[in-house]
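Student: Residue numbers (this note's numbering), protein chains in the order written: chain A, 1 to 318; chain B, 1 to 318.
Because the hints were derived from the structure by calculation, they are not lab data. Computed from a predicted structure; not experimentally measured. You can trust all of the hints, since none of them are fake.
Listed next, the in silico SDA-like pairs over lysine to any residue satisfying Cα-Cα at most 20 Å (straight line): (1) B:K6 <-> B:N318; (2) A:K6 <-> A:I313; (3) A:K280 <-> B:Q174; (4) A:K181 <-> B:H285; (5) B:K181 <-> A:G199; (6) B:K280 <-> A:N217; (7) B:K148 <-> A:G196; (8) B:K162 <-> A:Q174; (9) A:K162 <-> B:L146; (10) A:K72 <-> A:E46; (11) B:K181 <-> A:H285; (12) A:K282 <-> B:N180; (13) B:K148 <-> A:G199; (14) B:K36 <-> A:Q143; (15) A:K83 <-> A:E232; (16) A:K162 <-> B:D137; (17) B:K282 <-> B:P3; (18) B:K148 <-> A:P197; (19) B:K282 <-> A:H178; (20) A:K162 <-> B:P134; (21) B:K6 <-> B:S317; (22) B:K122 <-> B:G106; (23) A:K181 <-> B:K280; (24) A:K244 <-> A:L16; (25) A:K162 <-> B:Q174; (26) B:K162 <-> A:D145; (27) B:K36 <-> B:D67; (28) A:K280 <-> B:E179; (29) B:K162 <-> A:L147; (30) B:K181 <-> A:G196; (31) A:K280 <-> B:L177; (32) B:K10 <-> B:L48; (33) A:K228 <-> A:E267; (34) B:K148 <-> A:L200.
Protein chains: 2
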Amino acid sequence: MAPPEKIELKKQAQQLIEQYDNFLFDCDGVIWLDEKLIPGVLETIEHLESQGKRFAFVTNNSSKSRDTYIEKFHRLGFKGIGKHLIYPTCYAAASYLKEHLKVPAGAKVWVLGDHGIETELKELGYIPVGGSDPRLDDEFHPQHDLLKVDPDVRAVVVGSTKAFNYMRIATTLQYLLHENKSLPFIGTNIDRSYPGPEGLILPAGGSVVNYMSYTSNRDFIDVGKPSKRLLETILEQRDFDKSKTLMIGDTMYTDIKFGNDGQLGGESGGSLLVLSGGTKLKDLHHLIENPASLQDGPSLIPLKYIESFGHIIHLLSN
Amino acid sequence: MAPPEKIELKKQAQQLIEQYDNFLFDCDGVIWLDEKLIPGVLETIEHLESQGKRFAFVTNNSSKSRDTYIEKFHRLGFKGIGKHLIYPTCYAAASYLKEHLKVPAGAKVWVLGDHGIETELKELGYIPVGGSDPRLDDEFHPQHDLLKVDPDVRAVVVGSTKAFNYMRIATTLQYLLHENKSLPFIGTNIDRSYPGPEGLILPAGGSVVNYMSYTSNRDFIDVGKPSKRLLETILEQRDFDKSKTLMIGDTMYTDIKFGNDGQLGGESGGSLLVLSGGTKLKDLHHLIENPASLQDGPSLIPLKYIESFGHIIHLLSN
Chain A
1 MAPPEKIELK KQAQQLIEQY DNFLFDCDGV IWLDEKLIPG VLETIEHLES
51 QGKRFAFVTN NSSKSRDTYI EKFHRLGFKG IGKHLIYPTC YAAASYLKEH
101 LKVPAGAKVW VLGDHGIETE LKELGYIPVG GSDPRLDDEF HPQHDLLKVD
151 PDVRAVVVGS TKAFNYMRIA TTLQYLLHEN KSLPFIGTNI DRSYPGPEGL
201 ILPAGGSVVN YMSYTSNRDF IDVGKPSKRL LETILEQRDF DKSKTLMIGD
251 TMYTDIKFGN DGQLGGESGG SLLVLSGGTK LKDLHHLIEN PASLQDGPSL
301 IPLKYIESFG HIIHLLSN
Chain B
1 MAPPEKIELK KQAQQLIEQY DNFLFDCDGV IWLDEKLIPG VLETIEHLES
51 QGKRFAFVTN NSSKSRDTYI EKFHRLGFKG IGKHLIYPTC YAAASYLKEH
101 LKVPAGAKVW VLGDHGIETE LKELGYIPVG GSDPRLDDEF HPQHDLLKVD
151 PDVRAVVVGS TKAFNYMRIA TTLQYLLHEN KSLPFIGTNI DRSYPGPEGL
201 ILPAGGSVVN YMSYTSNRDF IDVGKPSKRL LETILEQRDF DKSKTLMIGD
251 TMYTDIKFGN DGQLGGESGG SLLVLSGGTK LKDLHHLIEN PASLQDGPSL
301 IPLKYIESFG HIIHLLSN
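Work out the full structure: start from the sequences and follow the hints.
Tutor: Right, dumping it as structure tokens:
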């Protein structure tokens, strides 16, 4: 496998834009860091738009609904980004229940996670339980009502939440063990950590999913990146030609694997790592030098990499 | 491998007691369930004592110090159980820092866990930080003082706590990532869940350890069962002949593996599963029928099993 190409010249930036028609973006670490837009990204995306390129945003974050994402995009200066272009994993989870598991509308779904999951479940006609129920902030005691399984619950969705506490963990475990572990267990993502404000690396939603998987001794259905089902949904709904699509992200084991396993960009490949988020150049070098250290090492190596996606407009204007 | 022998006759009970000189007991699910003594266990252990047998208690629970365990044993009617007979993993963690890692007394140690860990660290001269610090109950915000790494911390100990929240997780992650992940990371145990009050299966400390391992992408030093280091420490300190020692527990992947991997009981073997805790007969059958489903399947199968350890006194008095 060829080492990834570093994009650092105007010509390379031009070539990148010519090569692809469709651009799939991760958000945290690519478009923004927390509430701060990454310099140049807005201008680069506006440039892509002016060239007739199409795009969509795919985030493993499950905390915010598509409506909340739209507000954030607008707040940061992006105009005309519609709901249909945004794929957070809270939406992916709700869609999966409906499209793949055929859970009927009106069913209750137990949620460990933030408002985004509840909002998207409601949009598809489900009744979220658990989630932001204030009783889940109570101190744990074994006689608590919420520890009794509601027999009408038909599935469990686990995602990111900073409101992680023993009541939420213990109640969710009861649903995961219920009826011989037969309720479907959807996890929104596998992210271990993310680059947060103040330069902090902070625990991410995948760690919550993994906690529940470990304590229940169950596998989960991963609806986030790098899962192929999410990619198929997006390509189909957006009518993107896979061979002309590029995935742009800052995390190798989710974003880059998503693009590579999904065979984006056809034979040339279609994954671009940006170094503006959680992955640093030394991490990429480490991976290239030790591919065998990871079972799926090769699929984590990007086709190309660049300082930040915003750097493109800078290169183009030189 | 021969299937495990079910102990259900007086003769088998007598033989069991003759075969071994030393008895290592798990506590939760073997001696008690929460605050309730398991029937017959006290009488059986008194009988062993009268026969000159020796014993020790080895629990993967890290929440309570040895002193707190002594109080519980006394409260439940056990007399004359000294501190030296009790091995909770909070003690194992502190000992490991001292004996194996040679961390000098006076050093600070970051704790994610309950009082037991703090108490045992203090007994060995360490200064626990984190742990029960009330500021860890604050709502998470990225400017919080506790997110700044204290450079004097020399190791991290993670164990069971019901006070699991994002502040504790995020602060602990900073220490685990600090200086290129170089601070020693001790995990007290790998238990996924435990049989709690009201018939509930509840998340156990190993799930906390596993969470921190996942989010930091680091392995940890496991000082609990089935780790061999803990067994070696006990056999040495108690001067138990390994070939004459039996491990009694209710969890196959910790207790039984501990006895089997540790080659207790010599060639005959030395592991006894009790069905009074988290493992049911169907779980044992499932394991025997599907040993290949677990990488270390054979080492999880007990030599013998019995309804409960208290059943022995019942069999003997028939």
